[in-house]
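Asker: Listed below are the residues making up each chain.
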Amino acid sequence: MSTGNMNLTLKIWRQKNNKAKGGLVDYKISEVSPDMSFLEMFDVLNEDLVAKGEEPVVFDHDCREGICGACSMFIDGRPHGPKEGITTCQLHMRSFNDGDTIVVEPWRAKAFPVIKDLMVDRTAFDRIIASGGFISVNTGNAQDANNLPIPKVQADSAFEAAACIGCGACVATCKNASAMLFVSAKVSQLAQLPQGQPERYRRVQSMVAQMDAEGFGNCTNTGACEAECPKGISLENIARMNRDFYSAKFVSEESI
Amino acid sequence: MAELNAHIPEGELTDKWTKLRSSMPLVNPSNKRSIEIIVVGSGLAGASAAATLAEMGYKVKCFCFQDSPRRAHSIAAQGGINAAKNYQNDGDSTYRLFYDTIKGGDYRAREANVHRLAEVSTNIIDQCVAQGVPLAREYGGLLDNRSFGGTQVQRTFYAAGQTGQQLLLGAYSALERQVGMGKVEMFTRHEMLEVVVVEGKAKGIIARNLLTGELERHSGHAVLLCSGGYGNVFYLSTNAMGSNVTAAWKAHKKGAFFGNPCYTQIHPTCIPVSGDHQSKLTLMSESLRNDGRIWVPKKKDDTRKASEIPEDERDYYLERRYPAFGNLVPRDVASRAAKERCDAGYGVGKSKLAVYLDFKENTERYGRIEANKNNIHNPDKETCMKLGREVIKEKYGNLFDMYAQITGEDPYELPMRIYPAVHYTMGGLWVDYNLMTTVPGLYALGEANFSDHGANRLGASALMQGLADGYFVLPYTIGAYLSKELATKPIPQDHPAFVEAEASAKAILDKFLSIKGTKSVDHFHKKLGKIMWDKCGMARNEKGLKEGIAEIQQLRKEFWSDLRVPGSSDEMNPELEKAGRVADFIELGELMCMDALNRNESCGGHFREEYQTEEGEALRDDENYAYVSAWEYKGDVTFELHKEELKFENIKVAQRSYK
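Chains as they are written, first to last, in the working numbering: chain A, 1 to 256; chain B, 1001 to 1659.
Some hints could be false.
Result set (DSBU-like, lysine-lysine): computed pairs, CA atoms no more than 30 Å apart in a straight line [stated by the list, open to error]:
1. 152/A / 19/A
2. 1543/B / 1530/B
3. 1516/B / 11/A
4. 1643/B / 52/A
5. 83/A / 1350/B
6. 1201/B / 1543/B
7. 1360/B / 152/A
8. 19/A / 1511/B
9. 152/A / 1543/B
10. 1519/B / 11/A
11. 16/A / 1634/B
12. 1360/B / 52/A
13. 16/A / 1519/B
Just so you know, these hints were derived from the structure itself, not from any lab.
So here's chain B without its partners, still in its complex pose (with noise of 0.2 Å):
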């Protein structure tokens, strides 16, 4: 059985990093080129690490199931990414960040990684900005910052609502340099179906060419997965619609822990469901928090339009119940309230689950400092909503259009009605410091890992940690290994791993194929998704989570007897490709649950309604529960709990309070 070693190397917080970095074994320049690097998945993570690899002198082979590596879904992060640069001079600094992160993530990230993260931010700013990333600017030419939920500070760069495009599309720039200079192949439409592991070591993967249904083995010293996260398994998400635990899940398999199974991220502002049709849900940034206020009436069962009701009938919940952070409370405390607003029947809109998220206040502010400055002095209500549109729709324009467009209605006229949805999955494969599984040569970067942001991650903090993974990090940390597997020969394509890989990838699409049931992969997507909110969503108790478990248990029996598939596995078939995620996603939602009901505490996006403070705020327990969830498989899909104890050396372990 693997050890649980977590390989965090000794010393002060602050030095570890550095010293690490600074003792690292290398790989010379010659031996780079005859090293192969697999790195599955092209979003900030992927492109960032395949591109420094090749950059560095390693040979890559990247995969991605989209059309191209630009696609990837961190392309739709719109609020910003932290960085601890202190340009506003505020007070931030490297210590800020990370106690930030460590205190947003309720005490269940691991220190050592968290510090390195917020170390190296500031150096992913610097990068992209080279690498000719428009990010937003003052007149006086210098970057801009706005703030973001969970800090006091201003720490967030960002371009308008479409951060993760210019991030990404600066990655892929630099990505497909190296393609174009021949140093990464890229593999784009293909999928990775299996993990070829030879004596205990990743040696390559199975991919399937969805062009084809060609099933290919390729073969590396070393395996980087970067896929993503898991957010689908509730079917509603505001993940792309492609976006699946597939490759993370096949590892799992073949003996990478998964850490953390149970830990979701319900973001707070999201557009509300508006039938059974809907295929996805769309977020509003987190950014909009800045400006726009959140509030519910204070009368139950209201049915009043919003602009009938009086000032002094409106609860803004948030501002009243946690005055300090007042709307900028982190992600899970906000979706928890407006949850608990509309289940005790405060809810507005057609299906009253939803809430407002209200410009006008700010609108007028901003036009009133508009006139100002316009020599327009004592301006009316009507001039200083016209002029302070216009603030609003350059801050925040690209947001307002899509909200308009999929509700059909005018957010510069009416109130946002959002409401929470799942956007992002702290859990993920379990990895050492160095980004490494518990298979040797396979890592896991980006939201496929577990590492980095405890129970709840902070709002523009993904894109900074996908990006410090891929530039910063794993491009040193993987030297460790690779130096010790030099002498190993590239894994011929013929050896029986290979061979029985491939098998087993083969014999998943034939049954797929052979059930010739009678309910599409849709169907089973929707069940799943439905049990997963119900039963392992918002929130959660023991009594729920068993019906879940028992109840996706069956889902699983009808899913390998009564699916549908239609065409075959030699041609473009999307239906397939969507039955293997599912496939994986059914026995994940089992995990999840497992671990869950395992967990008897409430934590960030964790809470149990049995461990709640009276006024309903998380209730943790540190003696008993202060460890990372790891589990093996152990076939058959049954699983082994295994825990990492998180020992907290720098920062004094509290209630998170945001009052």
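Isolated chain A, as found in the complex (with noise of 0.2 Å):
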């Protein structure tokens, strides 16, 4: 199958459900290619595993190439593993060493419940965009795109918190298990924005409202999030996120 000469030992989570004890278990892998990337490696695993009748290890991935958001392992006690930038599709073998041994473990937060393995339920990150993460602005009611000239460096801006994938590393790293990066990316790109004025200040609220009924926790300013994101998404906008609901619950006249 493969042709590569890299061994290594896998410690993994494998937990049954919601509701089972999980706990890590052993397994070897042989000939693992360094050009394969890890989740290639983990289909050798499990084509494996298939083979001696075993069940294979459950984990969430889709494009495969960083942009959906779905792969999220963690490895070696960081989100996405040990290089800065990528997502756990696009970790290459050729970033570990023969003999290595590696631990995979699932998102650990209050608000991502272990579906099995290393499946995390993490729709909280859906209810709280539906809380507030968008503009109302219904099909057809639209005016000509350039009647609204954007500064670039604004628009630009915008664009950076917008490169948010939705991943939930922010949330795994951190040791309160806060999702003011992920919320605060959402918030800051439409509050730097001239279409999202009329409703940022119930948009921040409702958001952080949200975010606190799903059990994340409080930001104590680690930067974790923003060392282990991706999409190298800014502490700043968590500044920003901050900026803005003071300034709605003290100032503003639309506190709700």
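Reconstruct the complex from the two isolated chains, following the hints.
Answerer: Listed below in structure tokens is the structure:
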């Protein structure tokens, strides 16, 4: 099958379902090619497990090019593994050495309950967006796009915040399991655009309220989220969100 | 038997849509509240349709197999979205976009549909900007554009190399807004396994809750399939791992005709295969062809490094063969040209199945411009390269990073190695002008239908079509059907049609688990992919297609007798999900070969080796094949061909030339 020469030991979190008790299980894998992606290495492992009549390891994945945000492995104590600026599916085995032992766990957070093995439930993120992460404009109401010039710097900054893929690495790495980076990225994208102004203060309050209701922790400015974010979403977004949140609560007439 | 009537409105091409839209029967607001619509899929087409229908007042249920609608594969589209805005004042117009799309599709698309697409293209950009989608801008604050293949104007809007992501997140937030208001009920981690048809009309679906394995019955007044394309029939493609044909295929087996199944788009610029472990292929956006020049060595089996090959020993074969369009020829043309060079022994890299995409010249050119801006006159080469690198980085940074990550090579220093890969399927469920399939009440939108791209899709047109269908077409056209369904009460969930559909879905799942053979699902999927790529890939011929059909039939037998699926059906079981998808791909693969065999001509992405010009270009047969193949399922993996004649009243059909 694979043509490589790396031999590895994997310690993988196995958990039958949300109710069952989970634990780390050891697996040996050989002939791993350095050109394989981390998930392709898991494919090989699963193929072996199916051949042996065992249940394959369940994990979330889809696009395998770092944009859908589905993959979510906590590898050797870091979300998406040892390299910066990439997702698990973009991690390649050339980043490991022959003979390594690799520990793979699911995202750990109260708001992200384990579904099975390495797969967790991240629907809390959808509910946060549903609470206010949008501009209320129905289809068919738009004016000509160029009637609203937006300075390039501002548009670029909004884009950088909008690049969030909703993977949840920020929550997984945070000691408080805080979702502030995720929430602030959306708040900050829309707050920097003229289209986002009418709902700016309502939005930040609703989204923060939903974030709290989902059981995410608070932010204590450690910055692990920014360091581990595969898309380089900046901590500045959190500062921007806090500013808007306090203005909304103390200054704005739109306190909700 | 269903009649093939495309329901194209009468009148002048330019008036058809406007007139139809203003005379379409409407559903009044109080009635809308009691009408339920099922949307399967949450990509650009699904999310935009679900959000818009909910805004209009309908009750919507939306389904996706991913854990969130935001992960639908539209998210991965890189390059851009076309619109006939003419913001660059370079002569663009609705007609020109229409013309380019028909020509790009090698005269195998419906004129009326394509014109409508060009008409609404401008509305899409307006809508997305209003939603806060951060499209790229110039310093003046206005929107920026770039060029894409098959056109000579700059009409492509973009957001770095993440245009699909930004557009999808726009549609997703519109969808979630409706979810928050309780107007859309969202079912994530659900897969549609059956369409429920009552008295000839689509009235619901059977969906499997992937978390619990439970089969659920959902009824509605209409069902929209927005479930994407079927490129994964080839196993290796640029599609996401979960992209599948199941929803469309189940609909096909319930009476929806399948249009042009053999039209597959092989994208010219993908990262080459590195080994047997490969699970998917990664696209390098077509936008790179704006600044990258494609070449191979002039000498056969040249083993020198790219940097050691002097300029006059390089063959920029696209510029040589197609001087007018150069590196920006349409995808089918660029792909075949790469295959031709590699087959002839000029390929590069370890596998020899790759060509170079080189940014050096344009990096230097950009650097020179930057140097000028910074008052550096007569800059040396090194300075130019350094400054130019920054420009390239801003334009394509994320793509270059992706390439470096996958190959371990630095594309700023070395030219990229690229090779064609399966990317998009122009074929799909046959729909009429209203996007309705041959089953009344069952619609198909976006890549899941066959309608707008003919035999070859132009770059940056998929995002345009998905959003056109979902935001601006279907929400109007569905009124014509629903206004006649007001008297129909929702079908009770214990109706025999539901019971039967659920039983049939369950029987298939039970069968997978009971075979207890020796081979995994992936084993069969890889075998199918190899047959499809070898026999029904970039070049096809009669002998190969006949062999392909026989091999697929044999594979189907082995699949149903030697498959091993571990676990059970009442839990999260990804192997079981894959088994269902691969079973459907195997049947579809056979139909694709049949369709390719039937079409004795070459057009767009469908290249039959027997039919080519002396220069190796696709040779159409307009006399005999200017039709849409619409296949009807006749039971037991047999199919009957129906034809929809294509009439070109506004465009002169000609041999496509990009020279």
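Asker: All hints, please: hold or fail.
Answerer: Evaluated hints:
1. 152/A / 19/A: violated (50 Å)
2. 1543/B / 1530/B: Roughly 16 Å between the alpha carbons, so the hint for residue 1543/B and residue 1530/B holds.
3. 1516/B / 11/A: holds (28 Å)
4. 1643/B / 52/A: violated (49 Å)
5. 83/A / 1350/B: Holds: residue 83/A and residue 1350/B sit about 27 Å apart, inside 30 Å.
6. 1201/B / 1543/B: Between residue 1201/B and residue 1543/B the Cα gap is close to 40 Å, so the pair fails against 30 Å, i.e. violated.
7. 1360/B / 152/A: holds (27 Å)
8. 19/A / 1511/B: holds (29 Å)
9. 152/A / 1543/B: violated (56 Å)
10. 1519/B / 11/A: holds (26 Å)
11. 16/A / 1634/B: violated (42 Å)
12. 1360/B / 52/A: violated (51 Å)
13. 16/A / 1519/B: holds (24 Å)
Violated hints, in rising order: 1, 4, 6, 9, 11 and 12; the structure is consistent with all others.
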